[in-house]
Amino acid sequence: GAGVSQSPRYKVAKRGQDVALRCDPISGHVSLFWYQQALGQGPEFLTYFQNEAQLDKSGLPSDRFFAERPEGSVSTLKIQRTQQEDSAVYLCASRTQGLGMNTEAFFGQGTRLTVV
Amino acid sequence: LAKTTQPISMDSYEGQEVNITCSHNNIATNDYITWYQQFPSQGPRFIIQGYKTKVTNEVASLFIPADRKSSTLSLPRVSLSDTAVYYCLVGADTGRRALTFGSGTRLQVQP
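In order, the protein sequences belong to chains A and B. For the first sequence, position 94 matches number 121 in my numbering, and the numbering has no gaps at all. For the second sequence, position 74 matches number 187 in my numbering, and the numbering has no gaps at all.
Do not rely on the hints blindly, as some may be mistaken.
With the Cβ distance kept under 10 Å, some of the chain B side facing chain A (calculated, not the full set) [stated by the list, open to error]:
#, residue
1, T147
2, G156
3, F176
4, Y200
5, G217
For lysine to aspartate or glutamate, the following DMTMM-like pairs were computed, each having C-alpha atoms within a straight-line distance of at most 25 Å [as the list claims (entries may be wrong)]:
#, chain 1, residue 1, chain 2, residue 2
6, A, K38, A, E112
7, A, K84, A, E131
8, B, K165, A, E131
9, A, K38, A, E71
10, B, K116, A, E131
11, B, K182, B, E130
12, B, K182, A, E131
13, B, K116, A, E71
14, A, K41, A, E71
15, B, K165, B, E127
16, A, K105, A, E71
17, B, K167, A, E131
18, A, K105, A, D83
19, A, K84, A, E71
20, B, K182, A, E71
21, A, K38, A, E95
22, A, K41, A, E79
23, A, K38, A, D113
24, A, K38, A, D51
25, A, K41, A, D83
26, B, K116, A, D83
Keep in mind the hints are simulated off the structure, nothing from the lab. As the structure is a computational prediction, the values presented were derived from the model and not from experiment. Built from N, CA and C at the ideal position, the CB exists for glycine as well.
Okay, chain B solo, but in the shape it has when bound (with noise of 0.2 Å):
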């Protein structure tokens, strides 16, 4: 399975763009790149996902890469309900490889 490291926590202000990078040196050819928000109480929730390059969606864009060895997550504006735990999972389509977690980041967003 690929090792993701990602930061421990981040803070930031309202408004502010916020930018969470992860690595994961040996990343496989199959894997993909996803990332989830968990509030407390609530189970994670998908944000976006990519293979390479660059993914945006309504809620954050994606940045990978050629190498794929690491990814950032952005976040654009945040607000106070950005405040969550972001998770970045990497692995194949096939079974439970597909969702291993690491700690994740632990995002503040002060007012």
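Excised from the complex, chain A in its bound form (with noise of 0.2 Å):
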């Protein structure tokens, strides 16, 4: 796609269940973020990766969340024993690589989710 694509776009889960977050970012893409955005905040970052490297994890809350990309492509963020607090959108951005300028983050639409 044009895009990046994050899927599913709502996800209501039981507190205690695990989740995983999709995104597909744009085909050839270097750098990838993934952000947590609360209501009314703004997106806070939890983790980027450059390829498959996963370079910065400091954003991530606890050892309940972890992100991978394997492949250097599409990125999973998963939760597990999800809580409350975990409900936020969270919000996928990729990005080339740019070399001595800054060059712009396209971002997903997000992953809405709900712990109940």
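Starting from the two chains in their separate frames, assemble the complex, guided by the hints.
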């Protein structure tokens, strides 16, 4: 596709359930980011990949959160034993690897996770 | 990471020019200034980026003074569809530093 695709768009999980959120970045984009956005707040950084390498995971809130990008394209964000505070929109973004200047990041529409 | 400060909200009317100023006092030499727009239920969308002086595209203008400690996003003749949250980002090209969001400015355009 032409843009960043995320699935599912909406996910309702019972507390304690595991969930997996998928991101299909733009083909050829080297960098991939995951963000968590609570209602009324700006996106908060979770983790960053350069190709298949997870270079920064300092934003992951707990060890229940895990992200992977095994072949350097599709990425999955997994949340184990979901809690109510995990309810948020999870955004994925990708961008080409710029050299000497910033390059535009393209965001997906996000996955809205509701933990009940 | 360079911290940014921008107004929480702004109101305007259709047809007016809107200027949103962002402060970034500790911007680094390699940092660029980028603005994103976000509509409800959508991911942020790139608007404009600059390093110094003035940048203009079909959507907006970005004014950056010589000291680069602030920047102003200018939206000419806004319409109702410009109602959104606008984020100012400051960072270099490498990794996560390029995309650190603050709380943004919520712009409400009235008819």
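Each hint tested on the structure:
1. T147: 6 Å, holds
2. G156: Holds, about 3 Å.
3. F176: Violated, about 18 Å.
4. Y200: 6 Å, holds
5. G217: At about 5 Å, which falls below the 10 Å cut-off, the nearest Cβ of chain A leaves the hint on G217 (chain B) intact, so it holds.
6. A:K38 / A:E112: Cα-Cα ~14 Å, so holds.
7. A:K84 / A:E131: Between K84 (chain A) and E131 (chain A) the Cα gap is close to 21 Å, so the pair holds against 25 Å.
8. B:K165 / A:E131: Holds, at about 17 Å.
9. A:K38 / A:E71: 19 Å, holds
10. B:K116 / A:E131: 20 Å, holds
11. B:K182 / B:E130: Holds: K182 (chain B) and E130 (chain B) sit about 23 Å apart, inside 25 Å.
12. B:K182 / A:E131: 22 Å, holds
13. B:K116 / A:E71: Holds - the C-alpha atoms of E71 (chain A) and K116 (chain B) are around 14 Å apart, at most 25 Å.
14. A:K41 / A:E71: Satisfied, since the Cα-Cα distance of roughly 23 Å is no more than 25 Å.
15. B:K165 / B:E127: 29 Å, violated
16. A:K105 / A:E71: Holds: K105 (chain A) and E71 (chain A) sit about 17 Å apart, inside 25 Å.
17. B:K167 / A:E131: 18 Å, holds
18. A:K105 / A:D83: With Cα atoms ~16 Å apart, K105 (chain A) and D83 (chain A) stay inside 25 Å; holds.
19. A:K84 / A:E71: 12 Å, holds
20. B:K182 / A:E71: Holds: K182 (chain B) and E71 (chain A) sit about 23 Å apart, inside 25 Å.
21. A:K38 / A:E95: 19 Å, holds
22. A:K41 / A:E79: 31 Å, violated
23. A:K38 / A:D113: 12 Å, holds
24. A:K38 / A:D51: 17 Å, holds
25. A:K41 / A:D83: 29 Å, violated
26. B:K116 / A:D83: The given pair, whose Cα atoms are some 19 Å apart, holds under the 25 Å limit.
Violation of the numbered hints given earlier is confined to hints 3, 15, 22 and 25; the remaining hints are satisfied by the structure.
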